[in-house]
Amino acid sequence: MRDYELVFILRPDLEDEAVQAFIDRVVNLIREYGGEVKKVEPWGRRKLAYFINRYREGYYVLIQFALGARRVADLERWLLLNEDVIRHLVVRLEEAVRAPSATAPAEAAAEKEPGPEVEVGATSASEE
1 MRDYELVFIL RPDLEDEAVQ AFIDRVVNLI REYGGEVKKV EPWGRRKLAY
51 FINRYREGYY VLIQFALGAR RVADLERWLL LNEDVIRHLV VRLEEAVRAP
101 SATAPAEAAA EKEPGPEVEV GATSASEE
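Residue numbering for the sequence shown follows the working numbering, beginning at 1 and increasing consecutively.
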């Protein structure tokens, strides 16, 4: 089994209960196929970059899972045939994605610290 990441967009006119039921159905389908669900992240309703099937918004969901390659094709076919899904993408992960450590935000902030301030438009003494 390999690690995969699935992102799908559901129709925005679905009720919250229907969205949760759909997510549960996808998770159960992955388990029925012999896979293991590692992470489920509902991202919520977001604006689309362009119209898709007359929709301007969609409900985004991310699922990370491990599954056999043949069953991934079955999962993709099921998503393609489902009318509630307006887009989906399955990507194979090269290595297991690790959760960021607690120090990751502090390390990222330290890398982005600005350098010494330079006054714009100031002339040096040698230029005068």
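One or more hints might be untrue.
Below, a list of computed lysine to aspartate or glutamate pairs in the EDC-like style, where the Cα atoms sit at most 16 Å apart [stated by the list, open to error]: (1) Lys47 to Glu32; (2) Lys39 to Asp3; (3) Lys39 to Glu57; (4) Lys47 to Asp3; (5) Lys39 to Asp74; (6) Lys38 to Glu57; (7) Lys38 to Asp13; (8) Lys38 to Glu5; (9) Lys38 to Asp84; (10) Lys39 to Glu5.
Have a look at the derived ranges for each label pair, beta carbon to beta carbon [said to hold, decoys possible]: (11) Glu5 to Asn53: 28 to 36 Å; (12) Arg45 to Gly68: 17 to 25 Å; (13) Asp24 to Leu89: 16 to 24 Å; (14) Glu36 to Asp13: 28 to 36 Å; (15) Glu36 to Pro12: 17 to 25 Å; (16) Gly68 to Glu15: 12 to 20 Å; (17) Leu89 to Arg56: 30 to 38 Å; (18) Ile52 to Asp74: 19 to 27 Å; (19) Phe51 to Arg31: 20 to 28 Å; (20) Ala18 to Glu94: 14 to 22 Å.
What the hints contain is simulated information worked out from the structure, not anything from laboratory work.
Quick caveat: nothing in here was measured; it's all calculated off a predicted structure.
Note that CB positions come from ideal geometry on N, CA and C, so glycine has one too.
We went through each hint and held it up to the structure:
Using a Cα cut-off of 16 Å, the hinted pair Lys47 and Glu32 is violated, with the two alpha carbons roughly 32 Å apart. A threshold of 16 Å between alpha carbons decides the hint, and for Lys39 with Asp3 the separation of about 11 Å falls inside it, so the pair holds. Between Lys39 and Glu57 the CA atoms are separated by roughly 24 Å; this puts the pair beyond 16 Å, and the hint is violated. A distance of roughly 28 Å separates the Cα atoms of Lys47 and Asp3; the hinted pair therefore is violated under the 16 Å criterion.
A hinted pair counts as satisfied when its Cα atoms are at most 16 Å apart, and Lys39 with Asp74 does not qualify at roughly 20 Å. With a C-alpha separation of about 27 Å, the suggested pair Lys38 and Glu57 falls outside the 16 Å cut-off, and the hint is violated. Proposed proximity of Lys38 and Asp13 is contradicted: the alpha carbons are some 28 Å apart, above 16 Å. Simply put, Lys38 and Glu5 have alpha-carbon atoms about 10 Å apart, close enough for the 16 Å limit, and the pair holds.
The suggested pairing of Lys38 with Asp84 is violated, with an alpha-carbon distance near 23 Å, which exceeds 16 Å. Pair hint Lys39 plus Glu5 holds up; C-alpha atoms about 9 Å apart against a cutoff of 16 Å. Between Glu5 and Asn53 the CB atoms are about 23 Å apart, so this pair departs from the stated range of 28 to 36 Å. For Arg45 paired with Gly68, a C-beta distance near 32 Å fails the hint of 17 to 25 Å.
At roughly 20 Å, the beta carbons of Asp24 and Leu89 sit within the given window of 16 to 24 Å. The hinted window of 28 to 36 Å between Glu36 and Asp13 holds, with their beta carbons roughly 32 Å apart. One distance hint, 17 to 25 Å for the beta-carbon pair Glu36 and Pro12, is violated here, with the actual separation near 30 Å. The hinted range of 12 to 20 Å is not satisfied by Gly68 and Glu15, whose Cβ atoms lie roughly 33 Å apart.
In this structure the hint that Leu89 and Arg56 lie 30 to 38 Å apart at CB is violated, the actual value being about 19 Å. For the pair Ile52 and Asp74, the supplied restraint of 19 to 27 Å holds, since their beta-carbon distance comes to about 24 Å. At roughly 34 Å, the beta carbons of Phe51 and Arg31 sit outside the given window of 20 to 28 Å. Under the hint 14 to 22 Å, the C-beta atoms of Ala18 and Glu94, about 34 Å apart, miss the expected range.
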